[in-house]
Amino acid sequence: MSTSTDNNASITQESGPSAAVQDIQKKIVVRTADGEVFNLKEEVAMEIDIIKTFFQEDSISYETVMPLPNVEGWEMVKVIEYCTKHVELKHKVDGYKERKAFQALFVQNLSTKSLLALTNTANYLEVKYLLDFLCQAVSEQIKNKDVDYVRELFGVENDFNDEEYEQVKAEAPWAHENLNNDLH
Amino acid sequence: MEETNLPEEIIVLILSWLPVKSLLRFTCVSKRFHFIILSNPKFAKSQFQAARERKTLDHRLLYNTTVPPLESLDLETLPLFGDSSYLERRLLYSKIAPRLESLHLETTSFGDRSSVRKLQFPFQPPVGRLSLLGSCNGIVFIAFDERVFYIWNPSTGFFRKLPDPGSLCDQRFLFNYGVGYLSATDDYKIFIATDVYAIFSSRAQAWKKLEVYSESPPSYRGTLLNEALHWLNQENGIVAFDLAHEKFSKMTMPNFDERSLNQFGYLGVSAEGWLSFALSLWNARDCIQVWVMKEYGVHDSWTKLFNFRFLDPPEGMWSFSRVLVLETSIVAHICSMKEVDNDCITDVKGLIKILHKEEEKCGEYVIEGFELKMIRYQESLCRIDD
Numbered sequence: 001m002s003t004s005t006d007n008n009a010s011i012t013q014e015s016g017p018s019a020a021v022q023d024i025q026k027k028i029v030v031r032t033a034d035g036e037v038f039n040l041k042e043e044v045a046m047e048i049d050i051i052k053t054f055f056q057e058d059s060i061s062y063e064t065v066m067p068l069p070n071v072e073g074w075e076m077v078k079v080i081e082y083c084t085k086h087v088e089l090k091h092k093v094d095g096y097k098e099r100k101a102f103q104a105l106f107v108q109n110l111s112t113k114s115l116l117a118l119t120n121t122a123n124y125l126e127v128k129y130l131l132d133f134l135c136q137a138v139s140e141q142i143k144n145k146d147v148d149y150v151r152e153l154f155g156v157e158n159d160f161n162d163e164e165y166e167q168v169k170a171e172a173p174w175a176h177e178n179l180n181n182d183l184h
Numbered sequence: 001m002e003e004t005n006l007p008e009e010i011i012v013l014i015l016s017w018l019p020v021k022s023l024l025r026f027t028c029v030s031k032r033f034h035f036i037i038l039s040n041p042k043f044a045k046s047q048f049q050a051a052r053e054r055k056t057l058d059h060r061l062l063y064n065t066t067v068p069p070l071e072s073l074d075l076e077t078l079p080l081f082g083d084s085s086y087l088e089r090r091l092l093y094s095k096i097a098p099r100l101e102s103l104h105l106e107t108t109s110f111g112d113r114s115s116v117r118k119l120q121f122p123f124q125p126p127v128g129r130l131s132l133l134g135s136c137n138g139i140v141f142i143a144f145d146e147r148v149f150y151i152w153n154p155s156t157g158f159f160r161k162l163p164d165p166g167s168l169c170d171q172r173f174l175f176n177y178g179v180g181y182l183s184a185t186d187d188y189k190i191f192i193a194t195d196v197y198a199i200f201s202s203r204a205q206a207w208k209k210l211e212v213y214s215e216s217p218p219s220y221r222g223t224l225l226n227e228a229l230h231w232l233n234q235e236n237g238i239v240a241f242d243l244a245h246e247k248f249s250k251m252t253m254p255n256f257d258e259r260s261l262n263q264f265g266y267l268g269v270s271a272e273g274w275l276s277f278a279l280s281l282w283n284a285r286d287c288i289q290v291w292v293m294k295e296y297g298v299h300d301s302w303t304k305l306f307n308f309r310f311l312d313p314p315e316g317m318w319s320f321s322r323v324l325v326l327e328t329s330i331v332a333h334i335c336s337m338k339e340v341d342n343d344c345i346t347d348v349k350g351l352i353k354i355l356h357k358e359e360e361k362c363g364e365y366v367i368e369g370f371e372l373k374m375i376r377y378q379e380s381l382c383r384i385d386d
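In order, the protein sequences belong to chains A and B. Here this note's numbering is used: position 86 in the first sequence is 86, and no number is missing along the way. Here this note's numbering is used: position 296 in the second sequence is 296, and no number is missing along the way.
Simulated from the structure, these hints should not be mistaken for lab results. If a hint is listed, it holds; no wrong ones were tucked in.
Label pairs and their computed distance ranges (CB to CB):
{"id": "1", "chain 1": "B", "residue 1": "9", "chain 2": "A", "residue 2": "89", "range": "25 to 33 Å"}
{"id": "2", "chain 1": "B", "residue 1": "328", "chain 2": "A", "residue 2": "99", "range": "21 to 29 Å"}
{"id": "3", "chain 1": "B", "residue 1": "285", "chain 2": "A", "residue 2": "164", "range": "51 to 59 Å"}
{"id": "4", "chain 1": "B", "residue 1": "204", "chain 2": "A", "residue 2": "43", "range": "50 to 58 Å"}
Derived SDA-like pairs (lysine to any residue); straight-line CA-CA distance at most 25 Å:
{"id": "5", "chain 1": "A", "residue 1": "128", "chain 2": "B", "residue 2": "7"}
{"id": "6", "chain 1": "A", "residue 1": "128", "chain 2": "B", "residue 2": "12"}
{"id": "7", "chain 1": "B", "residue 1": "209", "chain 2": "B", "residue 2": "145"}
{"id": "8", "chain 1": "A", "residue 1": "143", "chain 2": "B", "residue 2": "36"}
{"id": "9", "chain 1": "B", "residue 1": "55", "chain 2": "A", "residue 2": "102"}
{"id": "10", "chain 1": "A", "residue 1": "113", "chain 2": "A", "residue 2": "144"}
{"id": "11", "chain 1": "B", "residue 1": "55", "chain 2": "A", "residue 2": "86"}
{"id": "12", "chain 1": "A", "residue 1": "169", "chain 2": "B", "residue 2": "12"}
{"id": "13", "chain 1": "A", "residue 1": "169", "chain 2": "B", "residue 2": "385"}
{"id": "14", "chain 1": "B", "residue 1": "45", "chain 2": "A", "residue 2": "139"}
{"id": "15", "chain 1": "B", "residue 1": "294", "chain 2": "B", "residue 2": "306"}
{"id": "16", "chain 1": "A", "residue 1": "143", "chain 2": "B", "residue 2": "108"}
{"id": "17", "chain 1": "B", "residue 1": "55", "chain 2": "A", "residue 2": "94"}
{"id": "18", "chain 1": "A", "residue 1": "97", "chain 2": "B", "residue 2": "56"}
{"id": "19", "chain 1": "A", "residue 1": "97", "chain 2": "B", "residue 2": "272"}
{"id": "20", "chain 1": "B", "residue 1": "45", "chain 2": "A", "residue 2": "140"}
{"id": "21", "chain 1": "B", "residue 1": "118", "chain 2": "B", "residue 2": "34"}
{"id": "22", "chain 1": "A", "residue 1": "169", "chain 2": "B", "residue 2": "31"}
{"id": "23", "chain 1": "A", "residue 1": "145", "chain 2": "B", "residue 2": "112"}
{"id": "24", "chain 1": "B", "residue 1": "45", "chain 2": "A", "residue 2": "173"}
{"id": "25", "chain 1": "A", "residue 1": "169", "chain 2": "B", "residue 2": "118"}
{"id": "26", "chain 1": "B", "residue 1": "294", "chain 2": "B", "residue 2": "264"}
{"id": "27", "chain 1": "B", "residue 1": "118", "chain 2": "B", "residue 2": "158"}
{"id": "28", "chain 1": "B", "residue 1": "31", "chain 2": "B", "residue 2": "11"}
{"id": "29", "chain 1": "A", "residue 1": "27", "chain 2": "A", "residue 2": "57"}
{"id": "30", "chain 1": "B", "residue 1": "31", "chain 2": "A", "residue 2": "172"}
{"id": "31", "chain 1": "A", "residue 1": "169", "chain 2": "B", "residue 2": "19"}
{"id": "32", "chain 1": "B", "residue 1": "247", "chain 2": "B", "residue 2": "132"}
{"id": "33", "chain 1": "B", "residue 1": "55", "chain 2": "A", "residue 2": "176"}
{"id": "34", "chain 1": "A", "residue 1": "52", "chain 2": "B", "residue 2": "7"}
Just so it is clear, CB atoms sit at the ideal spot from N, CA and C, and this is done for glycine as well.
Take the sequences, apply the hints, and build the full model.
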């Protein structure tokens, strides 16, 4: 079942006889993997390079609904949230504190696994600044974690045998001590 | 999208935000992680540069104490001079093992034992005096016995023995030295002065003699700023050696009071990237003044930043024996002195760290040992390959 979700919708209609009248805010429509449909303001949509390429460079009509089969609905919500804020802050002279506060809230309720999924999506959608931010956020969360945690998170198999592992660990044994705190 | 099956370039991006300690731990995750983290010089460089920009580099102090050679104990004549505790002390020193350690410079309490790492040279160190020539991008440059040169990254254990300078280094004493990095050419340069000047370039993998002349020989380790090394010279001036153009130039010191009195002075770099100068006068041994040159090379831009007064100095005669002027603090090696007949014997007390912004010293770290040498370095994954 598809639902139509308007994010930051502001459709204005000119009253007048012309049928070719244009909306003041152009909208671009995308559909995510779970069938959700999103209406994006043009200026926000153009922050997402894969969308920008699709419509502008390939000159596809704005009436087309662009499919995004690799993106989940909740991810699209988050991407739109971030890009909208980014566009808003572009016009502000001193948005540093506001950006930091926004970023803290943005990741607040996301698990590390969700953050990773979102990172993958930001890479696919080609939103560089969001990708950079999410990579940083993930690194903050894994910084003090141990080797097993990282393996599990990235789905990586341990291909060291016991002897090799001890050898590699011995290259910097201090790196495995004093985790989960700020001691060095 | 799925969170597993992340493309490798994304994993590399995430890793590049991590500090060196986390990265070295994650080399144990898998062979692929080990390779990504340690076998790619580009990754090492970008991690270091990004951390430098974000000001998240980990600064550490590397220090080394030695054991006095037993021959220096004059066993026959000393007891005649009355103070047998001097002999005892020297014998005691010979029993203290030499140390090579590093500690983190920005722990809330200086010298926090948990931040101390015992280190070992990953090679057999040659016998002889050790000189810490400089550090760049996390790599420390060392000379043994004034003529055997090594590079070593204390974080990763990477090391290499550098080519022999041969006849350029016949003199038995390195009067002064320094190390710098030229980013435009990705070149590490070592400058040494014996009775001639010589430069080693990592790009050229070779030493060469310098055909330049400098009026008065500067002293010991040069301070790196703007890809040039800086030393104080005997005429109350500053000598700068530009590593890229291989040329000397001069600058003047600030007009501090009582210039004619003996004093110690040390150069460093402030947090803002200004050349800084720490000074203590003989008639005010418990005070340190710090000046900064806000405009490079402009004498009138010398500004006194603060005057620090040591509120709790050691008893008796004491002095600073080595001083590192860092961006936001000074780390000084304090020795107290005792007179035995006409000899002044120095007793190592330890290190203190003085924050620029606070009136009181912010920490003391007791180190036992003889002939302490120290250098600041940053944690990095960098290496210098052929």
